[in-house]
Amino acid sequence: MKKILSLGLCLCMVSFATAQSKHVERFRKDHKPTTSLFFYKSTLKMYARMQQSLQGQFDAEEFSEMPQLAEMIDGIEKIKFFLYEDWTSQQDRQLFEKLTEDVRSEGYEELMSGRVEGNQMSVFMKEGRSRPQGFVVIVRMETGYSIIDIEGYPNVNKIMKLSNLINNSSNSLNLSEAIK
Amino acid sequence: MKKLVLTMVMAVFAVGAKAQTDAISKYFSKYVSDTSFMHVNFSGKMFQMISRLEMDNAEEQKMMEESLGKIKRVQVLGKDKNVDGRKMYAEAIKLVEGKGFEELMSVREDDKDIRFLIKESNNKIDELFMVMGGKNEFGLLSIVGDGIDLNALYKLSKKIGMDGFEELEFLDQRKGN
Numbered sequence: 001m002k003k004i005l006s007l008g009l010c011l012c013m014v015s016f017a018t019a020q021s022k023h024v025e026r027f028r029k030d031h032k033p034t035t036s037l038f039f040y041k042s043t044l045k046m047y048a049r050m051q052q053s054l055q056g057q058f059d060a061e062e063f064s065e066m067p068q069l070a071e072m073i074d075g076i077e078k079i080k081f082f083l084y085e086d087w088t089s090q091q092d093r094q095l096f097e098k099l100t101e102d103v104r105s106e107g108y109e110e111l112m113s114g115r116v117e118g119n120q121m122s123v124f125m126k127e128g129r130s131r132p133q134g135f136v137v138i139v140r141m142e143t144g145y146s147i148i149d150i151e152g153y154p155n156v157n158k159i160m161k162l163s164n165l166i167n168n169s170s171n172s173l174n175l176s177e178a179i180k
Numbered sequence: 001m002k003k004l005v006l007t008m009v010m011a012v013f014a015v016g017a018k019a020q021t022d023a024i025s026k027y028f029s030k031y032v033s034d035t036s037f038m039h040v041n042f043s044g045k046m047f048q049m050i051s052r053l054e055m056d057n058a059e060e061q062k063m064m065e066e067s068l069g070k071i072k073r074v075q076v077l078g079k080d081k082n083v084d085g086r087k088m089y090a091e092a093i094k095l096v097e098g099k100g101f102e103e104l105m106s107v108r109e110d111d112k113d114i115r116f117l118i119k120e121s122n123n124k125i126d127e128l129f130m131v132m133g134g135k136n137e138f139g140l141l142s143i144v145g146d147g148i149d150l151n152a153l154y155k156l157s158k159k160i161g162m163d164g165f166e167e168l169e170f171l172d173q174r175k176g177n
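Sequence order for the protein chains is D and A. The opening residue of the first sequence carries number 1 in our numbering; numbering runs sequentially from there. The opening residue of the second sequence carries number 1 in our numbering; numbering runs sequentially from there.
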């Protein structure tokens, strides 16, 4: 079922975007995360260039049809990732339940929720003019919580193309299996 | 007077339909809080988004736009250890029996039973309920929508390698696709 969650997460990220959650930002200021990671467009482009450069070292024909990372992440403006380790008390749980409600009150709609092997994930999306503006993913793990706040969207068609390519090209290299 | 009677009949049907959905919802809620169960819930919004994806050909594009956008909710519930799957299977079947669901197909595979039930209106599938129970495993799939194209859903799951819909494979074989 991890496959469903992972694909679900990918599939929820379509269309335009120019927003991140105000409540997630307020939560981060009020409660310092154990780990904070910020990925900006420039950082993501750097990763994309690194991938392109590595790929260039192999002259295999099979890579020619593979979508570039740059194409997949072109629509993403910013990604924030916050990890809250050892947040396991009832009070912590209530804080995250409140955050979830606050995110909803901002106009974020739930796209999917899932629980696999004790980990609970909820994916929310905010739309404007029939186009997604941002995504918030809240994950509850045994040892704590993590929040992913995305401004922008990946090119889902390219991601699906990559998934298809990998699934078709090799039985031993199956994306679905890899996500397991 | 006829209008009044007709309205009342329709209201009774509507209440009946809601009761069925509620019965399944209650069944899900009963086990959703049990963390030993795997549970995944996709909202209709998710499928609306998927239906907007650009596909390789016009046929697939039409299939996506016309079918998947009509799905309102998909729920999956499952457990594959420490569970009396047969007991839960019987419990789930009892829940929908005589409540407007028709059997689409039933399979006995190895030591497990799988049953597909659908609810139709105007020759369109509004709800699919799949229940699977074995000696030590149990699974439930509920798809609610407004004219669900199961074949489209199966093809999509196959295309993107999405797990959980393999049991719909018989639709592909039935249509000779």
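Hints are not guaranteed to be accurate.
As the list claims (entries may be wrong) - Listed next, the in silico EDC-like pairs over lysine to aspartate or glutamate satisfying Cα-Cα at most 16 Å (straight line):
#: 1; chain 1: A; residue 1: Lys45; chain 2: D; residue 2: Glu117
#: 2; chain 1: A; residue 1: Lys81; chain 2: D; residue 2: Glu127
#: 3; chain 1: A; residue 1: Lys124; chain 2: A; residue 2: Asp149
#: 4; chain 1: A; residue 1: Lys81; chain 2: A; residue 2: Asp149
#: 5; chain 1: A; residue 1: Lys158; chain 2: D; residue 2: Glu127
#: 6; chain 1: A; residue 1: Lys72; chain 2: D; residue 2: Glu110
#: 7; chain 1: A; residue 1: Lys79; chain 2: D; residue 2: Asp86
#: 8; chain 1: A; residue 1: Lys45; chain 2: D; residue 2: Glu109
Unchecked claim - A few chain D positions that, by computed beta-carbon distances, are all more than 12 Å from chain A:
#: 9; residue: Gln20
#: 10; residue: Leu37
#: 11; residue: Tyr40
#: 12; residue: Thr43
#: 13; residue: Gln68
#: 14; residue: Asp74
#: 15; residue: Ser89
#: 16; residue: Asp92
#: 17; residue: Gln94
#: 18; residue: Glu101
#: 19; residue: Glu109
#: 20; residue: Gly118
#: 21; residue: Asn119
#: 22; residue: Glu127
#: 23; residue: Thr143
#: 24; residue: Tyr153
Derived from the structure by calculation, the hints contain no laboratory data. C-beta atoms are modelled at their ideal positions from N, C-alpha and C, and glycine is treated no differently.
Structure-based check of all given hints:
Simply put, A:Lys45 and D:Glu117 have alpha-carbon atoms about 25 Å apart, too far for the 16 Å limit, and the pair is violated. Among the hinted pairs, A:Lys81 with D:Glu127 is inconsistent with the structure: their alpha-carbon atoms are about 40 Å apart, more than 16 Å. The suggested pairing of A:Lys124 with A:Asp149 holds, with an alpha-carbon distance near 8 Å, which does not exceed 16 Å. Restraint check for A:Lys81 and A:Asp149: not satisfied, since their Cα atoms lie roughly 32 Å apart, outside the 16 Å limit.
Proximity of A:Lys158 to D:Glu127 is assessed by CA-CA distance (about 28 Å); at most 16 Å being required, the pair is judged violated. Restraint check for A:Lys72 and D:Glu110: satisfied, since their Cα atoms lie roughly 13 Å apart, inside the 16 Å limit. About 27 Å separates the Cα atoms of A:Lys79 and D:Asp86, which puts this hinted pair outside 16 Å; it is violated. The suggested pairing of A:Lys45 with D:Glu109 holds, with an alpha-carbon distance near 8 Å, which does not exceed 16 Å.
Against the 12 Å criterion, D:Gln20 stays outside the reach of chain A, whose nearest CB is about 19 Å from its own CB. Every CB of chain A is more than 12 Å from the CB of D:Leu37 (nearest about 26 Å), matching its label as outside the interface. Non-interface status of D:Tyr40 relative to chain A is upheld: no Cβ of that chain comes within 12 Å, the nearest being about 25 Å off. For D:Thr43, the shortest C-beta to C-beta distance to chain A comes to about 26 Å, beyond the 12 Å cut-off, and the non-interface label holds.
Non-interface status of D:Gln68 relative to chain A is upheld: no Cβ of that chain comes within 12 Å, the nearest being about 17 Å off. At roughly 14 Å, the least C-beta separation between D:Asp74 and chain A is larger than 12 Å, which holds for a residue marked as non-interface. The non-interface label for D:Ser89 is consistent with chain A: the shortest C-beta to C-beta separation is roughly 17 Å, beyond 12 Å. Residue-level check passed: D:Asp92 sits 17 Å from the nearest beta carbon of chain A, beyond 12 Å.
The non-interface label for D:Gln94 is consistent with chain A: the shortest C-beta to C-beta separation is roughly 16 Å, beyond 12 Å. Every beta carbon of chain A lies more than 12 Å from that of D:Glu101, the smallest distance being close to 17 Å; the non-interface claim holds. For D:Glu109, the requirement that its beta carbon stay farther than 12 Å from each beta carbon of chain A is not met, with the minimum near 5 Å. Against chain A, the non-interface label of D:Gly118 is violated: not every CB pair exceeds 12 Å, the least being about 6 Å.
With a least beta-carbon separation of about 10 Å from chain A, D:Asn119 fails to lie farther than 12 Å from that chain, contradicting its non-interface assignment. Non-interface status of D:Glu127 relative to chain A is broken: a Cβ of that chain comes within 12 Å, the nearest being about 8 Å off. For D:Thr143, the non-interface assignment is confirmed: its Cβ lies about 15 Å from the closest Cβ of chain A, beyond the 12 Å cut-off. At roughly 10 Å from the closest C-beta of chain A, the C-beta of D:Tyr153 falls inside 12 Å, breaking its exclusion from the interface.
Hint compliance for this structure: hints 1, 2, 4, 5, 7, 19, 20, 21, 22 and 24 are not met, and every other hint is.
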